[in-house]
Amino acid sequence: MDLDKITVTVRPRTAWEAIDLGFTMARAWFAPLWTLWMVVALPVYLLVVLLLPDEPIWVILIVWWLKPLYEPMLLFWMSRALFDDSVSTSTVLRRGWGIVWPQLLSNITWRRFNPNRSFTMPVSVLEGLKGKIRRKRIAVLGRGQQGGTWLTIVGIHFEVILEVACIVLIVMMLPEELQWLDIDAFLFNPGNLEQWLQHIGDLLAMSVIAPFYVAAGFALYLTRRTELEAWDIELNLRQLMARRKSQQTSMAKLAMMALCSAMLYSGLFVTADLKAEPLTQVEAKRQVEAVLADDLFGKTKQVTYWKALEQGSSDSDSGWLLEWILSVLEGFTQGFAAFGKGVLLVLAGVALAWLIYKAVINHKQWVPRASNRTKQVARPETLFGLALDAQALPSDIPGECRRSLDQGDMRTALSLLYRGTLLALFEQDQLEIPDSATELECLDLIRATCPGPLADYFAGMTPVWMRLAYDHQRPTEVQIRLFCQQWEALFGQEGGDAD
Amino acid sequence: MLDTARRYEIPEGIELDFRVAGPVVRACAWAIDLLIRAGLYLVIAIPLSFMGGMGMGVTLIFFFVIEWFYPVLFELRQGATPGKKAMGLEVIHDDGTPIGWSASLIRNLLRTVDFLPFLYATGLIAILLNQDFKRLGDLAAGSLVIYRDKATLRPGLPDVKPLQPPANMTSDEGRTLLAFAERSPRLSSERRIELAEILTGLTGKQGEAAVTELHAYANWLSQGR
Amino acid sequence: MRQQAFEQQHREMWQQLRHLLDELDRPKRKRQLDASAIASLPALYRALCNHYALSRSRHYSPELERELHEMIVRGHRHLYAGRSAQLWRLVIFISRGFPQLFRKQIAYFWVAALLFLVPGLLIGGYCYFQSEMIYSVMDDTQVAQMESMYDPANRKPGRSIERSAETDMMMFGHYISNNIGIGFRTFAGGMLFGVGSVLLLVFNGVFIGAVAGHLTRMGYEETFWSFVSGHGSFELTAIVICGASGLMLGHALIAPGQRTRVDALKWRAADALKLVMGAAAMLLVAAFIEAFWSSSSVATEIKYGVAALLWLLVALYLGMAGRRAHGSG
Numbered sequence: 271m272d273l274d275k276i277t278v279t280v281r282p283r284t285a286w287e288a289i290d291l292g293f294t295m296a297r298a299w300f301a302p303l304w305t306l307w308m309v310v311a312l313p314v315y316l317l318v319v320l321l322l323p324d325e326p327i328w329v330i331l332i333v334w335w336l337k338p339l340y341e342p343m344l345l346f347w348m349s350r351a352l353f354d355d356s357v358s359t360s361t362v363l364r365r366g367w368g369i370v371w372p373q374l375l376s377n378i379t380w381r382r383f384n385p386n387r388s389f390t391m392p393v394s395v396l397e398g399l400k401g402k403i404r405r406k407r408i409a410v411l412g413r414g415q416q417g418g419t420w421l422t423i424v425g426i427h428f429e430v431i432l433e434v435a436c437i438v439l440i441v442m443m444l445p446e447e448l449q450w451l452d453i454d455a456f457l458f459n460p461g462n463l464e465q466w467l468q469h470i471g472d473l474l475a476m477s478v479i480a481p482f483y484v485a486a487g488f489a490l491y492l493t494r495r496t497e498l499e500a501w502d503i504e505l506n507l508r509q510l511m512a513r514r515k516s517q518q519t520s521m522a523k524l525a526m527m528a529l530c531s532a533m534l535y536s537g538l539f540v541t542a543d544l545k546a547e548p549l550t551q552v553e554a555k556r557q558v559e560a561v562l563a564d565d566l567f568g569k570t571k572q573v574t575y576w577k578a579l580e581q582g583s584s585d586s587d588s589g590w591l592l593e594w595i596l597s598v599l600e601g602f603t604q605g606f607a608a609f610g611k612g613v614l615l616v617l618a619g620v621a622l623a624w625l626i627y628k629a630v631i632n633h634k635q636w637v638p639r640a641s642n643r644t645k646q647v648a649r650p651e652t653l654f655g656l657a658l659d660a661q662a663l664p665s666d667i668p669g670e671c672r673r674s675l676d677q678g679d680m681r682t683a684l685s686l687l688y689r690g691t692l693l694a695l696f697e698q699d700q701l702e703i704p705d706s707a708t709e710l711e712c713l714d715l716i717r718a719t720c721p722g723p724l725a726d727y728f729a730g731m732t733p734v735w736m737r738l739a740y741d742h743q744r745p746t747e748v749q750i751r752l753f754c755q756q757w758e759a760l761f762g763q764e765g766g767d768a769d
Numbered sequence: 420m421l422d423t424a425r426r427y428e429i430p431e432g433i434e435l436d437f438r439v440a441g442p443v444v445r446a447c448a449w450a451i452d453l454l455i456r457a458g459l460y461l462v463i464a465i466p467l468s469f470m471g472g473m474g475m476g477v478t479l480i481f482f483f484v485i486e487w488f489y490p491v492l493f494e495l496r497q498g499a500t501p502g503k504k505a506m507g508l509e510v511i512h513d514d515g516t517p518i519g520w521s522a523s524l525i526r527n528l529l530r531t532v533d534f535l536p537f538l539y540a541t542g543l544i545a546i547l548l549n550q551d552f553k554r555l556g557d558l559a560a561g562s563l564v565i566y567r568d569k570a571t572l573r574p575g576l577p578d579v580k581p582l583q584p585p586a587n588m589t590s591d592e593g594r595t596l597l598a599f600a601e602r603s604p605r606l607s608s609e610r611r612i613e614l615a616e617i618l619t620g621l622t623g624k625q626g627e628a629a630v631t632e633l634h635a636y637a638n639w640l641s642q643g644r
Numbered sequence: 104m105r106q107q108a109f110e111q112q113h114r115e116m117w118q119q120l121r122h123l124l125d126e127l128d129r130p131k132r133k134r135q136l137d138a139s140a141i142a143s144l145p146a147l148y149r150a151l152c153n154h155y156a157l158s159r160s161r162h163y164s165p166e167l168e169r170e171l172h173e174m175i176v177r178g179h180r181h182l183y184a185g186r187s188a189q190l191w192r193l194v195i196f197i198s199r200g201f202p203q204l205f206r207k208q209i210a211y212f213w214v215a216a217l218l219f220l221v222p223g224l225l226i227g228g229y230c231y232f233q234s235e236m237i238y239s240v241m242d243d244t245q246v247a248q249m250e251s252m253y254d255p256a257n258r259k260p261g262r263s264i265e266r267s268a269e270t271d272m273m274m275f276g277h278y279i280s281n282n283i284g285i286g287f288r289t290f291a292g293g294m295l296f297g298v299g300s301v302l303l304l305v306f307n308g309v310f311i312g313a314v315a316g317h318l319t320r321m322g323y324e325e326t327f328w329s330f331v332s333g334h335g336s337f338e339l340t341a342i343v344i345c346g347a348s349g350l351m352l353g354h355a356l357i358a359p360g361q362r363t364r365v366d367a368l369k370w371r372a373a374d375a376l377k378l379v380m381g382a383a384a385m386l387l388v389a390a391f392i393e394a395f396w397s398s399s400s401v402a403t404e405i406k407y408g409v410a411a412l413l414w415l416l417v418a419l420y421l422g423m424a425g426r427r428a429h430g431s432g
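Protein sequence lines, in the order shown, are assigned to chains A, B and C.
Going from the first sequence to the working numbering is simple: count from 1 and add 270.
Going from the second sequence to the working numbering is simple: count from 1 and add 419.
Going from the third sequence to the working numbering is simple: count from 1 and add 103.
Chain A on its own, in the form it takes in the complex:
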């Protein structure tokens, strides 16, 4: 029994709602429950008929009286189905005597007229209580409870209503001329024929109501336990503990598995897998459905939408003419489809040709465009007001720089170094800098994209240059000469050779 798999929402309810829940359960599980009832009740009926062939009234009375004989099995089945553990009918039947036998005698004698029968049945059948303990338990559970009694009263009425409705239907369906039956005779002065016919109605009505009755009693019992004993909370708490335990045990299991696989080349688990019985199709389907039904897997959602109805296929006996017309039509549609396909192909060809034509016309614009060029295009001509092209700069930057320094033009000297470094960075690292960038943005970009000695050099120079350019704070001459030396160290002495 897996507590996680409970199939019914258990929560505190009123007695009436509990009965409704029972009806919902019975509806969901009607087919197996009805079969279980019939499988037991029908043989009993036939047996009694054999014993008392001339006493139809007694026959149905005995079958009715023996209801407690059939009901425990429904209850047993439901108690398993509650945890999604659907037992097959044959299994229940095999265990049948063990379920029905305990307390059968009292069930079909003095307890037969207990209006609370459905409600107390779980105590004896499921809890297996007897005698004094049972009485005490029922007294506790049933205190202030009338749901079961009302269920019985209304249930009897439902049964009678269905039964009479059945008879009325039978009478209505028979042509009046036959004069076999009429309603008066049925209800007030039944002959033999009427009585035997009535049995059909009786059996049907009893079998239909029985699952609902037993399920409602069971639901009443569950609800009462929920109210008195917080049964739903118990379930949840146990689930909580089970989850904890499974977490712990699954950890332990994992460790064990790692050990085993190391020692046995995981042979143990492979054989275990091989040993697993192949699933039958039905079993597999059931498991797949169980997995799909799990909330973890996702919800199923019913969506109603409009869909065009398919035209029904033509009848086989519609005659040659119709078939001929249809074949012509089909040929026509096929022809039409082929035509459409051709048109589409032609269109596609034209589109392709047009694209190629366009490509040829504009080939100058796009064929030679190489990646190198794009980079150069992205390079700004000026940055922060400084002209940045190779022509504006001398080929020997450090030499020119020192010359300016000698003349005392510190600004030109530093500007030359700064611009030269930027240009070098552009050439060397394919740097892309928007022409709106400020000095500091430039520095950030360079640091981010091409870290290296050149970037460090640039980083050292930028603040000096900014102070000079904007603040007119002159750096020392030594500092600039140091920059010149670094430049030569970075770019080699080619500038010096040209000097």
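If you're looking for bench data, these hints aren't it; they were derived computationally from the structure.
Treat the hints with care, since some could be wrong.
Unchecked claim - Computed cross-link-like contacts, EDC-like style, restricted to lysine to aspartate or glutamate with a CA-CA straight-line distance of at most 20 Å: (1) B:Lys-580 with B:Asp-568; (2) B:Lys-624 with A:Glu-553; (3) A:Lys-571 with B:Asp-578; (4) A:Lys-275 with B:Glu-486; (5) A:Lys-275 with A:Glu-702; (6) A:Lys-515 with A:Glu-499; (7) B:Lys-580 with C:Glu-110; (8) B:Lys-580 with B:Asp-514; (9) A:Lys-275 with A:Glu-553; (10) B:Lys-569 with C:Glu-166; (11) B:Lys-569 with C:Glu-126; (12) C:Lys-377 with C:Asp-366; (13) A:Lys-571 with B:Asp-422; (14) B:Lys-504 with C:Asp-128; (15) B:Lys-569 with B:Glu-486; (16) A:Lys-275 with B:Asp-514; (17) B:Lys-569 with B:Glu-434; (18) A:Lys-515 with B:Glu-616; (19) B:Lys-504 with C:Glu-173; (20) A:Lys-577 with C:Glu-168; (21) A:Lys-571 with B:Glu-434; (22) B:Lys-504 with C:Asp-125; (23) B:Lys-569 with C:Glu-168.
Claimed, not checked - Distance windows between CB atoms, simulated: (24) B:Arg-573 with C:Ile-209: 33 to 43 Å; (25) C:Ala-140 with B:Met-473: 22 to 32 Å; (26) B:Thr-619 with C:Ala-140: 51 to 61 Å; (27) B:Asp-514 with C:Ala-108: 28 to 38 Å; (28) B:Thr-619 with A:Arg-405: 25 to 35 Å; (29) B:Ala-464 with C:Arg-159: 49 to 59 Å; (30) C:Gln-112 with A:Ala-301: 45 to 55 Å; (31) C:Leu-419 with B:Ala-464: 37 to 47 Å; (32) A:Ala-301 with C:Gly-360: 24 to 34 Å; (33) C:Gly-360 with A:Thr-603: 51 to 61 Å; (34) A:Leu-599 with C:Leu-415: 52 to 62 Å; (35) A:Leu-316 with C:Ile-209: 53 to 63 Å; (36) C:His-181 with A:Arg-556: 23 to 33 Å.
All C-beta atoms, glycine included, are put in the ideal place defined by N, C-alpha and C.
Given the structure of chain A, go ahead and fit chains B and C onto it with the hints provided.
Same frame as chain A, but now just chains B and C:
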């Protein structure tokens, strides 16, 4: 999950649970209504019977009105006939709004069919088959019979010093603890202990102390430290 | 946010809403509310919905959730309550809506009319030429009673000897409960895939036809026809309309088209119900005419004249009322 609550999303974007009412409680409500109607018939017929043919005519008209429109009148006025009200039921549209006159008329005029062939046998079969317990009239009218929510006094949590629950408790499990704390005044003390001791492996407590421990967790969940 | 803080923060608002709902639940004249309080309902209600959604998503305690849920349902009920039936809408419906709807769904009417008239005329004609025919429709006591009702010697035509002493008022009540009941049943029979309505229409046609044929053969035509022709205009038309609305239900169930059966049923039932209500009003008029006019001892010629007028009235009402000067109405 089998449940009698039906969930409907309302325009405010939240989902309301309506607990649909089944055949047994509705049969009881109908029986009460039947008694009330019978009483009404008597009250009307006895005095009017002294007024000769005229009185008879008026009586017949009253009978007609009661026969066909008794449920409609009450459903429009208060959402339920007196019998349904006594059983704590009410009738609504199946989108959750209160019943309107059109749906009410349809569901009550179609009683005639549900009545066939004998005392609502058709209606009973329909109710047993339909997952929302709708008889034919309800199907055609798009109506639903539900339990009316009752305002209940909410029990407070037991007054215990809050204590942080053990780690990795899921929110559903937290809710279980809250439910335990809220409902424990209604449980016997033995049962409380029994329930709380299920978690002994977690709390390490036994007896009344285990109960207090769980209450402390619940308090922590509800108010923090 | 913890539950307790959440509750403290909103408790006051909830109490305000609860008070408002309590007042709204009371009968109108006992309410002590001003317009502004009522106007605050939607805002309070929506805020509450918000709180409810929060309390659910934050897994607050089940009891808190229940408390809020209960209030939301009550608020929902008040906020989305349908407008109560107004007398004026009834007047509009009778004067325009019903005839318009009738014309919209006239196909059903013609089918129902055929179902009613064809068997009626056939059996009527048969009964007129064959004296025994009537006994295969009803048994001999019924025949005798019916004959006595329209016996020209009868003081009050249309009523059996035992009932001739009854007052018109008594008969009015009788006709109301009887005839409108028949109308409603004919409608409800549509739920049995239309079979019920068809059977009731055919049965009524056969029965009325047989009576008419038989009495005409007996030579009671003056009492019979002068009695039935007046209220027949309203009564027979209304019964056929009830049958037509039953057929609408049946149609929805048999051929729901692109909808599900239940949806088709709901969709058609709305129109069908209106037709039945209109027909019930017509039956009420018919009962009035039948009780107070048809049975009176006015000269036969006048009765026929009035009957012709009444038929014309019904035809004009159903055919013309609610049509605009231009357009289909």
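Here is how each hint holds up against the structure:
{"no.": "1", "hint": "B:Lys-580 with B:Asp-568", "in the structure": "33 Å, violated"}
{"no.": "2", "hint": "B:Lys-624 with A:Glu-553", "in the structure": "44 Å, violated"}
{"no.": "3", "hint": "A:Lys-571 with B:Asp-578", "in the structure": "43 Å, violated"}
{"no.": "4", "hint": "A:Lys-275 with B:Glu-486", "in the structure": "49 Å, violated"}
{"no.": "5", "hint": "A:Lys-275 with A:Glu-702", "in the structure": "63 Å, violated"}
{"no.": "6", "hint": "A:Lys-515 with A:Glu-499", "in the structure": "24 Å, violated"}
{"no.": "7", "hint": "B:Lys-580 with C:Glu-110", "in the structure": "19 Å, holds"}
{"no.": "8", "hint": "B:Lys-580 with B:Asp-514", "in the structure": "45 Å, violated"}
{"no.": "9", "hint": "A:Lys-275 with A:Glu-553", "in the structure": "17 Å, holds"}
{"no.": "10", "hint": "B:Lys-569 with C:Glu-166", "in the structure": "13 Å, holds"}
{"no.": "11", "hint": "B:Lys-569 with C:Glu-126", "in the structure": "16 Å, holds"}
{"no.": "12", "hint": "C:Lys-377 with C:Asp-366", "in the structure": "18 Å, holds"}
{"no.": "13", "hint": "A:Lys-571 with B:Asp-422", "in the structure": "17 Å, holds"}
{"no.": "14", "hint": "B:Lys-504 with C:Asp-128", "in the structure": "14 Å, holds"}
{"no.": "15", "hint": "B:Lys-569 with B:Glu-486", "in the structure": "30 Å, violated"}
{"no.": "16", "hint": "A:Lys-275 with B:Asp-514", "in the structure": "31 Å, violated"}
{"no.": "17", "hint": "B:Lys-569 with B:Glu-434", "in the structure": "18 Å, holds"}
{"no.": "18", "hint": "A:Lys-515 with B:Glu-616", "in the structure": "15 Å, holds"}
{"no.": "19", "hint": "B:Lys-504 with C:Glu-173", "in the structure": "17 Å, holds"}
{"no.": "20", "hint": "A:Lys-577 with C:Glu-168", "in the structure": "40 Å, violated"}
{"no.": "21", "hint": "A:Lys-571 with B:Glu-434", "in the structure": "15 Å, holds"}
{"no.": "22", "hint": "B:Lys-504 with C:Asp-125", "in the structure": "17 Å, holds"}
{"no.": "23", "hint": "B:Lys-569 with C:Glu-168", "in the structure": "13 Å, holds"}
{"no.": "24", "hint": "B:Arg-573 with C:Ile-209: 33 to 43 Å", "in the structure": "59 Å, violated"}
{"no.": "25", "hint": "C:Ala-140 with B:Met-473: 22 to 32 Å", "in the structure": "49 Å, violated"}
{"no.": "26", "hint": "B:Thr-619 with C:Ala-140: 51 to 61 Å", "in the structure": "53 Å, holds"}
{"no.": "27", "hint": "B:Asp-514 with C:Ala-108: 28 to 38 Å", "in the structure": "35 Å, holds"}
{"no.": "28", "hint": "B:Thr-619 with A:Arg-405: 25 to 35 Å", "in the structure": "32 Å, holds"}
{"no.": "29", "hint": "B:Ala-464 with C:Arg-159: 49 to 59 Å", "in the structure": "54 Å, holds"}
{"no.": "30", "hint": "C:Gln-112 with A:Ala-301: 45 to 55 Å", "in the structure": "52 Å, holds"}
{"no.": "31", "hint": "C:Leu-419 with B:Ala-464: 37 to 47 Å", "in the structure": "40 Å, holds"}
{"no.": "32", "hint": "A:Ala-301 with C:Gly-360: 24 to 34 Å", "in the structure": "32 Å, holds"}
{"no.": "33", "hint": "C:Gly-360 with A:Thr-603: 51 to 61 Å", "in the structure": "27 Å, violated"}
{"no.": "34", "hint": "A:Leu-599 with C:Leu-415: 52 to 62 Å", "in the structure": "54 Å, holds"}
{"no.": "35", "hint": "A:Leu-316 with C:Ile-209: 53 to 63 Å", "in the structure": "58 Å, holds"}
{"no.": "36", "hint": "C:His-181 with A:Arg-556: 23 to 33 Å", "in the structure": "48 Å, violated"}
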